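4 protein chains.
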Amino acid sequence: MNSQKPFLSDNAAPVHPKIWEAMQAADSADIPYDGDALSQELDARFSDLFGRECAAIWVATGTAANCLGLATLCQPHGGVVCHEEAHIEVDEGGAPGFFLHGAKLMLASGEGAKLTPDDIAALVDPIRDDVHQVQPHAIAITQASEYGLSYRRAEIDAITELAKARGLGIHMDGARFANAAAFLGGKAVEAAGHVDTLSFGCIKNGGMSAEALVLFDPEQAALVKYRRKRAGHLQCKGRYLAAQVLAMLDGDLWLENARAANAAAAEIGSAAEARLMYPVEANEVFMRLSAAEREALRQQGFDFYDWGADAARFVAAWNTKAEDAVALGKAIAGL
Amino acid sequence: MNSQKPFLSDNAAPVHPKIWEAMQAADSADIPYDGDALSQELDARFSDLFGRECAAIWVATGTAANCLGLATLCQPHGGVVCHEEAHIEVDEGGAPGFFLHGAKLMLASGEGAKLTPDDIAALVDPIRDDVHQVQPHAIAITQASEYGLSYRRAEIDAITELAKARGLGIHMDGARFANAAAFLGGKAVEAAGHVDTLSFGCIKNGGMSAEALVLFDPEQAALVKYRRKRAGHLQCKGRYLAAQVLAMLDGDLWLENARAANAAAAEIGSAAEARLMYPVEANEVFMRLSAAEREALRQQGFDFYDWGADAARFVAAWNTKAEDAVALGKAIAGL
Amino acid sequence: MNSQKPFLSDNAAPVHPKIWEAMQAADSADIPYDGDALSQELDARFSDLFGRECAAIWVATGTAANCLGLATLCQPHGGVVCHEEAHIEVDEGGAPGFFLHGAKLMLASGEGAKLTPDDIAALVDPIRDDVHQVQPHAIAITQASEYGLSYRRAEIDAITELAKARGLGIHMDGARFANAAAFLGGKAVEAAGHVDTLSFGCIKNGGMSAEALVLFDPEQAALVKYRRKRAGHLQCKGRYLAAQVLAMLDGDLWLENARAANAAAAEIGSAAEARLMYPVEANEVFMRLSAAEREALRQQGFDFYDWGADAARFVAAWNTKAEDAVALGKAIAGL
Amino acid sequence: MNSQKPFLSDNAAPVHPKIWEAMQAADSADIPYDGDALSQELDARFSDLFGRECAAIWVATGTAANCLGLATLCQPHGGVVCHEEAHIEVDEGGAPGFFLHGAKLMLASGEGAKLTPDDIAALVDPIRDDVHQVQPHAIAITQASEYGLSYRRAEIDAITELAKARGLGIHMDGARFANAAAFLGGKAVEAAGHVDTLSFGCIKNGGMSAEALVLFDPEQAALVKYRRKRAGHLQCKGRYLAAQVLAMLDGDLWLENARAANAAAAEIGSAAEARLMYPVEANEVFMRLSAAEREALRQQGFDFYDWGADAARFVAAWNTKAEDAVALGKAIAGL
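Taken in order, these protein sequences are the chains called W, V, Y and H.
Residue 200 in our numbering sits at position 200 of the first sequence, with consecutive numbering throughout.
Residue 266 in our numbering sits at position 266 of the second sequence, with consecutive numbering throughout.
Residue 3 in our numbering sits at position 3 of the third sequence, with consecutive numbering throughout.
Residue 291 in our numbering sits at position 291 of the fourth sequence, with consecutive numbering throughout.
If we strip away everything but chain W, and leave its shape as in the complex, we get:
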């Protein structure tokens, strides 16, 4: 059932061999939940990675990571500003409404599914400060964005500054954080800036079933752990999730995998730059392609999602073969 030339998504790619190894090495431990040595190591490892003290806990999905993070920043009667095409708005089945007990997503527009301080202010400033209107409590941005664009450090800082000025928290959905960080030069902090909470994605980057939720206010960890348990997300064999996350950090596997995926995406994008909807800044390529052109590609064995009536999305993963990317590029160029 697996595709020969798959550019559908990175979300079903196989598990990286080093992740398998790390999981199997965790077999012998026998401390349940997150009491094991691996889980206990996460805080220190992420504090090292980001160069400031933080807490990190594993969860099984990006949706859970995003929602547990947001729940530290937004009360049930508040709102979270996000892009109108953000994953939390369009692809998480209403999970924020569940985890945040009915808090509201407040939808802003922005080019390439990125937000600017102006986009946010345009949404937030007209809201009257009274009990009749839901007040914004937090902002959520996605790194890389839903169109594969990476926020530069200065862009994040500008949003963070706005957030602080308005008393809002800021969460970063980092389902493809590694791809953004790799694109931006490989320093984690450059891709994260000083957000309050970050879902550090591993699954789309060669992991199996573990993301890390990073809390830059470590005191929130106690609260989040209660909420993780309450959401049925505290696995008793959590060491297998910790092992995945740690293996991702070991020897910068997270960057290595992301670079491979980004390179494949860049290869595809460079083959037909005029068709690009957005520059390729991570591992996703959005191209203008007519229905007939898409059909022609599919006839050649390529698999991908249509993106509206006139475009397609190609996603490269850690295991995308260079020759497949080259072949796709050539096929597009030859249309």
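It should be emphasised that the hints constitute simulated quantities derived from the structure, not laboratory data.
The model shown is predicted, which means the values in this text are computed figures rather than measured ones.
Any given hint might turn out to be false.
Straight-line C-alpha distance at most 25 Å; calculated SDA-like pairs for lysine to any residue [unchecked claim]:
id, chain 1, residue 1, chain 2, residue 2
1, H, Lys225, Y, Asp91
2, H, Lys164, W, Leu223
3, Y, Lys18, H, Asp27
4, V, Lys330, V, Ala263
5, W, Lys164, W, Pro117
6, Y, Lys225, V, Thr72
7, V, Lys187, V, Glu161
8, Y, Lys164, Y, Ala221
9, Y, Lys321, H, Pro32
Here are the computed distance ranges between Cβ atoms for each label pair [said to hold, decoys possible]:
id, chain 1, residue 1, chain 2, residue 2, range
10, H, Arg52, W, His194, 38 to 44 Å
11, Y, Pro117, V, Glu190, 51 to 57 Å
12, H, Gly51, V, Asp303, 55 to 61 Å
13, W, Pro126, Y, Glu111, 18 to 24 Å
14, Y, Arg166, V, Glu111, 34 to 40 Å
15, H, Gly51, W, Leu223, 33 to 39 Å
16, V, Ala121, H, Gln300, 48 to 54 Å
17, V, Glu111, H, Gly51, 49 to 55 Å
18, Y, Glu111, W, Arg166, 31 to 37 Å
19, V, Asp252, W, Asp306, 42 to 48 Å
Residues from chain V that keep clear of chain W, each with C-beta distances beyond 12 Å, as calculated [unchecked claim]:
id, residue
20, Cys67
21, Gln75
22, Pro218
23, Ala271
24, Arg288
Glycine included, C-beta positions come from ideal geometry on N, C-alpha and C.
For this one, chain W is given, so just place chains V, Y and H on it according to the hints.
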């Protein structure tokens, strides 16, 4: 960090080799979420197992399985009758309150953490049928019970009959369902009776991160799938969870593992029957042991939980070595 | 502190003398909650009014009425389609998120804060039928709309037809239902069509603290009564609320009051038709007026809300004096 | 339909004439919600009453007052310790689960529906401080208790001390606070001690539809106002609720009414002290009476609730006639 003679719990035991194999075999597929062939196979396999049509979906924890199941049976303004020592009441961090949007657990007493129709009626019947009092919507029982007792088919049927008579749904927490089924002779339906929903435990029985939620009204599956997504429990590489569950059913591994654990528990129990708080009907042994006696056992290298001031709980797992069980039995007999 | 020439809103107008009388007449009864004779009368009275069997219960606010109604039509994981300027979206402090346990409001555009089947279809049809996207469960429309426009029977029927075709419930926010009904000729059913639930507003129409939630599927009443209690909305002296609602129906006081308010609004509107943003079809008037013109009116003692930078909203109430409306009309005409 | 000799409850008694007057005097104001002068006066009046700064807001029911108060003290993943017969547990239809988003009521035992520090410690201390168990966040006590017993100041202080030591908030359900305060000598602070939040009951004491929620940490008021709106409890003609509460305080009407009810209850209790289940310390009388005796009383025209198989509850209200109380006392004495 792993114990030499561990009888603490079955919840952190290593993953069974056949489960590992099945997971790795799932690597090549590339359909995300539960669209893969393995996930799609679950309904048929469980329908076979129980001899009636049902739907089955994977989730990562027993807490999620219990709560998603209960949410099909109890509305937010209703209540779920359970034993006062039930896992959903004392060990799930309030997850039922979260998943059921504030529904209430209604606590009944019962010997050995089992409930009888009389126990339930004693709780339910005095409730006035008016809006001032939370009305019961469902019953939850645990198979095997929190004291390792297995409900006999006739006992389940009697409760089910009461449930139907009162218009209540019935959920079975089967975190150790395999152990009960093995004890009762190995037929799944004998251990499940005709409950409405069942969390079919795999993790304590050699799995890593997958339980099956079995819905005996298959029409509920659509609803549950929305709720699973909304709770952040729809993993994109769900095939690795499906693989675990299917491997557990292949060649009756679920029973084989449970029998091994039950046998070890029986061995321990038989060594000092007079000390037993309850008969050993699964893989847990509750024994009256003074503090001094427990200390003496620990000095000999045995690891276990105290159970109140005068007792201890020993749990055997699929990988408990026969000689360890024998040794523990002898040590207890020799006190 | 009360205005001399108040056109701010109808929501703080004094209580009509007949409502006071009815409340005081309820003093002698002594049955608590909704067991009293007045509360028990509501179902029959509203069934008469609408010419089909329905249940009706009192609640203290329109927000509660709307949310309790919607909760019968939309599950926690679903969505409610409404206009982007609907009261439930912009003025109820997130109450739908609370009462519906995190369900989502799905915002449609539409002229004059009214929705058409096309507006709704444009929003609903692109939603993929999978668990990643919140599915619509219900539609909410407002009669009269937030811009004082009244849906004609055929318009409601068209939306209802769409709703049935898509399996959606339909709720009508009738905070100013009386004004719409009066405008449309005085027949309740012409203004309500065949919606599933209706909040029948009394408070803006001369009541004190009671709206009626009308359930055209009377079987939902039992559910709603549990939810009303659970939301802290079951008042023990509910007879005083029932009395208000019944007095509103007696002798068609609801229409009489609405006609008075509508007439005053029509008077104002007719004074400067070229300035009208929308035709006057209830008791609200939206007029294009510059900041300087608004200031000039305020200097003459008129009180009203600015509506954006270039307009004003005037609301007439049951007690608006004809001479005040005439005076305002003249003042506007004379600008 | 009204009883001749009603001792069923105080919750359906007529509205006191002074309350009617105050409401009607509020007719002329026209500021909606709680922006009116009366609503704005509440903070100062209650700060005076309790001799320390506090905020006070009106709500329509005791259930809403209790739940909004508790929501300031307990997060969704926490628990509220209360008596197993507390109103919030047995008579509010699960409202705490709704308002607190699934938080748990943790049930303690205690004589006469009162709690002592020992009762609370016995429940709270065995709870392990880990994420598997719901942690207590707050304590709720009822003044006067569900059996009409009044906590003495020293008793409240002892509980408050325990609460502070364990980091728990403390709420007082004061549905019959006035009756307790009257019994205790008439000083509000003696009956409230230093709890964090108090629902100050008016409705059972001659009001119509307003209780005051008193927040002794005034900074919580902003939060509570958002939550009140979100729960559909912000009435647009809130001035009529404020008027009720203020009239209750004017000239100590709250104490006057409570003293009348208490005196009637005392009269009944003194007639047959040997039958009393509890001393009469407010306006409720619980008496041991056989079914035959109860029947005999009913034959004489008295109305009341059975309390289990062998007792009855009589409640006096502000308007209970002295001769009715005397008559009931005589009737009981004569059995």
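task = Using the beta carbons of glutamate 111 of chain V and glycine 51 of chain H, state whether their distance is inside 49 to 55 Å or not.
result = holds, 54 Å
request  = Check the non-interface label on arginine 288 of chain V: least C-beta distance to chain W beyond 12 Å or not.
outcome  = holds, 25 Å
ask   = Holds or violated: 38 to 44 Å for the Cβ distance of arginine 52 of chain H and histidine 194 of chain W?
value = Once the Cβ atoms are compared, 40 Å apart, the range 38 to 44 Å for histidine 194 of chain W and arginine 52 of chain H holds.
task = Test the statement that alanine 271 of chain V is away from the interface with chain W: the closest C-beta pair must be farther apart than 12 Å.
result = holds, 23 Å
message = Just to be careful, I want the Cα atoms of lysine 330 of chain V and alanine 263 of chain V compared with a cutoff of 25 Å; is the pair within it?
response = Measuring from Cα to Cα gives roughly 15 Å; hence the hint holds.
Distance restraint evaluation - glycine 51 of chain H, leucine 223 of chain W, Cβ atoms, bounds 33 to 39 Å = holds, 35 Å
task = Below or equal to 25 Å on CA atoms is what counts here, so check lysine 164 of chain W against proline 117 of chain W.
result = holds, 12 Å
request  = Check the following: the C-beta atoms of arginine 166 of chain Y and glutamate 111 of chain V are separated by a distance inside 34 to 40 Å.
outcome  = Given about 52 Å between the Cβ atoms, the range is violated.
Supplied distance hint 18 to 24 Å, evaluated on CB atoms of proline 126 of chain W and glutamate 111 of chain Y = holds, 21 Å
key: Distance restraint hint 48 to 54 Å, applied to the beta-carbon atoms of alanine 121 of chain V and glutamine 300 of chain H   = Since alanine 121 of chain V and glutamine 300 of chain H have Cβ atoms about 36 Å apart, the given range 48 to 54 Å is violated.
inquiry  = Does proline 32 of chain H sit within 25 Å of lysine 321 of chain Y, going by the straight-line distance between their CA atoms?
reply    = holds, 19 Å
Restraint check for lysine 164 of chain Y with alanine 221 of chain Y, where alpha carbons must lie at most 25 Å apart = holds, 21 Å
Violation of the numbered hints given earlier is confined to hints 14, 16, 20; the remaining hints are satisfied by the structure.
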